[in-house]
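Colleague: Start from the sequences and build out the full structure, keeping to the hints where you can.
Everything in the sequence shown is counted per the numbering used here, starting at 134 for the first residue and increasing by one.
Hints were generated in silico from the structure; no laboratory data involved. Every clue listed holds true.
Just the calculated beta-carbon pair ranges, DEER-fashion:
| hint | residue 1 | residue 2 | range |
| --- | --- | --- | --- |
| 1 | Q640 | E553 | 41 to 47 Å |
| 2 | T502 | E282 | 48 to 54 Å |
| 3 | P454 | R239 | 43 to 49 Å |
| 4 | V320 | M268 | 23 to 29 Å |
| 5 | E573 | H653 | 40 to 46 Å |
| 6 | H653 | D571 | 41 to 47 Å |
| 7 | A458 | G419 | 19 to 25 Å |
| 8 | G436 | R239 | 57 to 63 Å |
| 9 | S169 | Q688 | 37 to 43 Å |
| 10 | R395 | E538 | 43 to 49 Å |
| 11 | V320 | E282 | 17 to 23 Å |
Derived DSS-like pairs (lysine-lysine); straight-line CA-CA distance at most 25 Å:
| hint | residue 1 | residue 2 |
| --- | --- | --- |
| 12 | K712 | K672 |
| 13 | K636 | K672 |
| 14 | K532 | K712 |
These numbers were taken from a predicted model, which means no experiment stands behind them. By construction, the Cβ of each residue, glycine as well, lies at the ideal position given by its N, Cα and C atoms.
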Amino acid sequence: MAMRRRSTTGAGSVKPRRCKPALKGHSGTTRPVTSSAANQESEVARLTRELNEAREEKAAISDVLRLVSTSWSNVGTVLQSVAERAAHICQAQYVDIFLVENAELRDVAWFGELKRTLAFPLDRSTVAGRSVCDMRSVSIDDLQNAGTEFARGREIARKDGHRSILAVPLIRDGGALGTIVVRRTEVRPFEQKHAALLTTFAAQAVIAIENARLLNELRERTADLSESLQQQTATADVLKVISRSTFDLQTVLNTLVVSAGRLCEAENVQLFLRTGEVYRLAAHNGFSLEYQEYARRHPIAPGRGTLVARTSLEGAPVHIPDVLADPEYTWREGQRLAGFRAAFGVPLLREESCIGVMAMTRATPRPFTERQMELVQTFADQAAIAIENVRLFEEIRDKSRQLAEASQQKSQFLANMSHELRTPLNAIIGVTEMLREDAEALKQDTEPLDRVLGAGRHLLALINDILDLSKIEAGRMELHLESFALGPLIEGVIRTIEPLASKNGNQVVLHCDTAMGTMHADQMRLRQALLNLMSNANKFTERGSIAINAGQRQQNGRDWITLAVADTGIGMTAEQMGKLFQEFSQASATTASKYGGTGLGLAISRRFCQMMGGDITVESEPGRGSTFTIRLPRIVEAPHVER
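Modeller: Structural data, given as structure tokens:
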């Protein structure tokens with residue numbers, strides 16, 4: 134067994150560290166470094182070291198990747214580079230890359246000079262062999278003192294003088310091609326990060342080996358290369374047609390049959406699609422008009438008498454080298470008109486169901502090759518994908534049309550109902566207000582009338598919300614843009630909410646930029662959105678605080694206004710916030726039953742802000758309150774409304 138000699142120069146030498154001198158005070162006397170300062174210095178050194186290691190690891194991986202991409206024909210160079218970089222990064226004196234060959238592990242690349250065995254049997258008695266057999270990383274702290282299960286490896290370690298060892302397998306397609314082994318001459322176990330790095334190097338080594346294998350195969354089969362490239366080009370052309378003609382099924386099917394016929398040396402190709410219980414001709418190339426007419430007048434029924442029906446029945450490819458010699462074949466008139474002898478059919482499958490058949494024929498009883506059959510299968514798969522794409526598109530388009538119609542009908546219904554309800558409700562509110570005034574003048578009890586009036590106003594607000602939502606969804610909501618002062622608008626909202634806040638024991642606080650100035654927007658919609666946020670904050674807060682933080686900022690050359698409403702209430706979870714702005718949806722069923730509400734206010738307020746070019750965002754934690762922020766441009770541009 135051949136042996137080689139290496140020098141004992143290692144890659145894992147460690148330089149002694151210099152101690153920093155003690156610090157001196159103002160008087161020049163020496164004082165010790167404080168524990169805190171020493172800890173900080175140690176932390177900085179650790180972070181610096183880790184950063185440098187990360188940079189070295191990244192550079193090493195990049196070097197190997199570059200070699201893999203540029204050295205297809207020289208796998209030895211790549212593997213040697215992997216060995217050298219693995220030695221440096223893992224601080225190992227020796228590295229070997231073994232490949233499996235004839236039930237042996239053969240050394241194909243290495244780092245460090247050492248007496249070593251070039252090949253040894255593949256079994257579990259060595260660390261390298263075990264990593265290959267078990268297809269996992271194997272690390273031994275001190276191989277010279279390992280157990281009897283590593284008898285051969287222990288013998289080699291004692292002879293060669295190495296102690297700590299780590300082996301990582303080269304995995305491809307569920308099997309091990311070989312292994313990378315790093316070794317140290319001292320007992321210094323390898324860390325988990327070293328195993329992870331070696332795994333990365335192993336993956337690149339496998340790619341290099343696979344690239345070389347593929348290149349050798351291509352060089353050895355020059356004659357087949359042209360045919361393979363032609364097939365790939367045709368497949369790419371078909372895929373291109375499918376991607377460009379997603380909704381033009383006939384164009385895709387015509388391209389498929391023409392390409393399949395040319396590449397598989399078939400005079401004729403047909404594609405039948407299932408309609409009910411029969412199969413009808415959908416695309417073809419090279420058939421006479423007489424045969425086309427016959428095929429259209431005689432759709433193929435289930436059975437074994439035709440290639441198409443038999444392929445459909447079996448749900449698998451069917452090859453008939455000569456239809457005249459097949460006792461089950463009975464489609465004689467069709468065969469006579471088409472003039473074919475050899476035939477091959479592939480089913481078009483969707484969820485285990487045959488939706489069509491691609492059939493190709495030859496005028497002579499010359500069988501199709503395995504490669505041609507595989508290519509037809511590829512074309513059949515592409516045809517099934519194209520058919521499924523069109524089906525899904527039609528289904529989605531039909532569903533979208535139905536949804537659009539339903540949405541339009543819903544919006545129209547809501548608008549009509551809102552209008553029909555508002556008229557009598559306004560009359561009820563008006564009459565109730567008159568009755569209350571009379572009762573108050575006569576010093577009668579007004580509490581029943583107050584309840585009716587409050588319920589009526591609440592119902593009117595709900596109807597107004599529904600009407601606003603229907604207008605927004607129908608694209609008929611219009612903004613009324615005007616210039617106004619922000620300060621008075623905010624103060625007006627606070628005055629409106631303060632009586633309700635007092636009932637809940639809440640304090641309202643305003644933090645406002647003194648130079649807020651004016652804004653050009655829909656004043657009524659902005660006030661409605663801010664009032665909704667304040668009302669919600671008060672509803673979900675008791676004996677707490679509600680703060681409005683008004684500010685301004687500039688971004689991308691535009692001035693922006695932010696109005697943040699923060700409360701100290703019950704807060705929300707991330708899941709609850711996810712559905713917060715959905716129509717007719719609230720944070721949870723519990724809050725809905727306890728606090729009431731319809732789930733429309735936030736959705737409508739956000740729609741208003743989005744119409745003005747802004748948005749409403751929320752931040753919240755359970756038990757720690759919520760913050761809703763309105764963000765709008767200071768000058769809102771009139772939106773384009775489609776009519």
